[in-house]
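One-letter residues, chain by chain:
There are 2 protein chains.
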Amino acid sequence: MSNNKEEKVDPRILRTKRMFKVALISLLQENENQSKLTVQKLADRAELNRATFYLHYHDIEELKEQMVDEVLDELNRKIHPLFRENQEIVTQPIVSFLEHIYENAVLFNVMIENKGFRKRLFEIITGIVSIRRETRKVKKHTSQVPIEIIASSTFGIVTWWIQKGMPYSPSYLAEQINRVYRNNINDLPK
Amino acid sequence: MSNNKEEKVDPRILRTKRMFKVALISLLQENENQSKLTVQKLADRAELNRATFYLHYHDIEELKEQMVDEVLDELNRKIHPLFRENQEIVTQPIVSFLEHIYENAVLFNVMIENKGFRKRLFEIITGIVSIRRETRKVKKHTSQVPIEIIASSTFGIVTWWIQKGMPYSPSYLAEQINRVYRNNINDLPK
DNA sequence: CAATTAATTAACAAAACGTCAATTAAGTAA
DNA sequence: TTACTTAATTGACGTTTTGTTAATTAATTG
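First to last, the protein sequences are chains A and B. Note that UniProt numbering gives residue 32 to position 32 of the first sequence, counting from 1, and the numbers run on in steps of one. Note that UniProt numbering gives residue 150 to position 150 of the second sequence, counting from 1, and the numbers run on in steps of one.
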């Protein structure tokens with residue numbers, strides 16, 4: 001899918017794309033009225049020419065899409081290995097998930113406003129929740145509540161946490177999330 | 001705050017504003033690329049002159065803000081009376097809340113993508129959740145989980161439900177939401 | 001060094017913005 | 001009905017943004 005270390009990309013391209021990404025985050029942080037965000041402002045902030053932007057992206061939407069993919073691909077890369085190992089410690093994937101977000105607070109805080117980003121983040125959370133549920137199902141009971149209800153409510157909590165500036169530590173938040181669903185599991189360890 | 005039946009508004013103004021609102025909903029339903037939504041397209045859809053738009057709104061953002069206020073003011077008007085009466089039936093406010101959304105499915109489905117709309121909807125849900133919690137607190141215990149965790153997870157479920165096209169009935173969804181939090185209440189009636 | 005490719009510059013037409021004055025149309029009150 | 005008031009339309013305006021191009025300058029690589 002992506003560049004796997006082989007085919008070398010011109011360092012000028014990498015630099016330019018990095019500059020535009022940083023510039024976009026910078027502008028989004030200033031609640032820049034979203035609809036008043038122009039390619040010219042972006043180029044100014046990136047200290048690059050406006051025409052250079054069009055050499056790499058068709059429009060700002062495309063830049064955003066690429067950023068969404070990069071940010072969430074990296075998140076996936078970090079948490080996927082945790083699904084195979086340590087299956088007895090069911091809280092580990094969600095804690096690692098929250099820790100990664102915590103370490104990239106600014107990035108996630110601006111990206112969470114993006115519709116496509118939220119859609120993919122929801123899918124990732126659904127994956128974590130369903131793995132956890134399966135693990136527990138083997139142990140004993142299955143929950144009465146549909147998986148989408150659990151996933152969407154977890155998504156709501158995580159989104160709130162990101163938007164509020166992450167007022168709780170990842171482990172504390174994971175604990176709260178577990179506490180909410182404790183009854184439906186019937187056999188939560190600890 | 002708003003026009004309380006007295007000072008008459010010119011019917012042409014009411015018609016024009018209604019036309020623009022209907023046109024906006026129509027365009028948003030076609031997931032018109034949001035950033036490619038122009039005043040010209042809006043005026044075309046409303047079958048009104050572009051200059052007429054600027055007679056009533058400064059930009060499209062302002063039109064959206066007014067719609068958010070109208071839609072949620074009406075929702076508030078419907079559920080607020082329920083807080084005082086029938087305090088023993090704690091599930092009534094959330095059911096009425098969901099029913100109102102259900103009856104305005106298209107409207108809420110397009111509005112839920114709006115940031116300001118989500119922010120105000122979250123506040124409304126927080127109100128419902130805290131009233132319910134207080135009512136139950138009197139009866140017996142208080143929950144261990146912070147109110148914002150409950151509110152944000154409920155918000156996540158409701159948002160998912162709206163975006164998915166409301167696959168469950170309001171009463172069934174309310175039941176599921178109650179089931180999720182049943183453990184933390186310790187004495188949920190049924 | 002020479003060849004290749006990226007970034008800059010300046011320019012262009014097309015579209016969208018925001019505003020305005022003059023005109024037409026619709027609502028209101030005598 | 002008529003006269004008054006106000007809303008909507010029309011056409012126009014300069015400005016900004018968009019998306020693209022050709023020519024030039026600058027950086028990377030072998």
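Worth flagging that the hints you see were computed from the coordinates, not collected in a lab. One or more hints might be untrue.
[As the list claims (entries may be wrong)] In silico EDC-like links for lysine to aspartate or glutamate, alpha-carbon gap of 16 Å or less:
id, chain 1, residue 1, chain 2, residue 2
1, B, K36, A, D59
2, A, K119, A, D59
3, A, K119, B, E113
4, A, K36, B, D59
Note that the structure is predicted; figures quoted are calculated from it, not measured.
message = Under the constraints set out in the numbered hints, which ones does this structure not fulfil?
response = Failing hint: just 2.
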